[in-house]
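Asker: Under our numbering, the residue at position 17 of the sequence shown is numbered 17, and the numbers go up by one with no gaps.
There are no misleading hints in this set.
Label-pair restraints from in silico Cβ distances:
1. A341 to E205: 24 to 34 Å
2. G100 to N42: 32 to 42 Å
3. E198 to P114: 22 to 32 Å
4. R289 to F154: 35 to 45 Å
5. E290 to L314: 27 to 37 Å
Straight-line distance between alpha carbons at most 35 Å, and here's what the computed DSBU-like set of lysine-lysine pairs gives:
6. K124 to K245
7. K124 to K84
8. K179 to K206
9. K301 to K245
10. K301 to K206
11. K301 to K251
12. K206 to K84
13. K245 to K179
Hints listed in this document are in silico derivations from the structure and should not be mistaken for laboratory results. All C-beta atoms, glycine included, are put in the ideal place defined by N, C-alpha and C.
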Amino acid sequence: MCSGEARVKDATDHFDRDFNVVYLRVVRGCNLNCTHCFTLGNRDAFRLADLGEIELFLTTLRERLDTRQNVFYIHGGEPFLAPKAYLAQVNALIRRIFAGRRFDIIPQTNLMYPVDAAFADFLKREYAGQIGVSWDPGIRFETGSPRLGEELFFRNFRFLADAGIEMAVAITVQRHLLKTDPLEVVRRLDGAKSVDFEFLTFFDEKTRDLRVSNVEWSRYFASIVRHYAENRTSWALPQVDLFTKSFVENKIYQCKCNCCRHRTFTMNADATVGLCPDETYIRPLSTVREMAANWPAFAAKALGDHVEQLATPLQPLCNGCEFFDVCGGNCEAHLFNENEAECPLSLAALRYQREHLAVFRGKLDEALERLPELKKESPVTEARP
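Could you build the full structure based on these sequences and the hints that come with them?
Answerer: This is the structure in structure tokens:
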């Protein structure tokens, strides 16, 4: 059924045909139990996603959307709890079903298990040497087991960096992070391809307890942005580089914080499906089989989520903000703090970036060589009214 041309949209189909992100949650269950995680971690009953359901999910996306470029994140739980032969089968399905289209397959891992040369070779063979890793002080290493301490993470990180594996590091913005030295953090991550700071999803009291002061976070992040500008680093800062594109091209580019409703798809290990990976684990929209049998119904549910997001009122701090034309005011409302004249994106960092734009254009040029996703012409996002 795949002709190679993008499919015609129906009235409810608002999905992107240029670039989509697909999360395959191939494993339910984890070796950790992190405070901020939306899953049940090591309390979740272990389960592998059924290969037939994965095939139907992927086939439906190809036939209904036939997107020009996709990134497939192999997700969990901890995906490397799965047998490597199983992971290779998942990858083979992606390669067969999306033959003729551009795509990357990138596993997402906590890196808290033994790694060796055979593991590095597997990453090179199956994932072109690319991997996403997460590091979160204070909420990840409090496992009660010395075998799962921070030392293991950095030992594995250094081993893979020396083996030539390209690692994109994700760090959650939470209060324990702010107890660390920001420059020491990024120095320890030398060898990474990128370092990205991700905002929390609040879904219970323990995650709300991790909230940061945006004023304190702004100072922390701005020091890293200055370090990035003043030094040659192995890593890029993707969100900063994306804002550089916005400054230079006078466009608001979509970031992963505001695009889940129309260019992100998630399949859970139990074959339920949705859009945002965090929300889909807790409140899936549908099932793989329902999605395949009645795409218009799935698209209508997804459109409802998208419209609700667009209708969210603009935050007062965004009204008249000097950087509205750069970010579009798309941060989630729960990330703002009352009585703080600072936003989650760090006005201090944005001002520094604007004042040293020539330097950041050079950093963007370097990042383009390491982060192919920055080269694509991302659709301009819709700013909230």
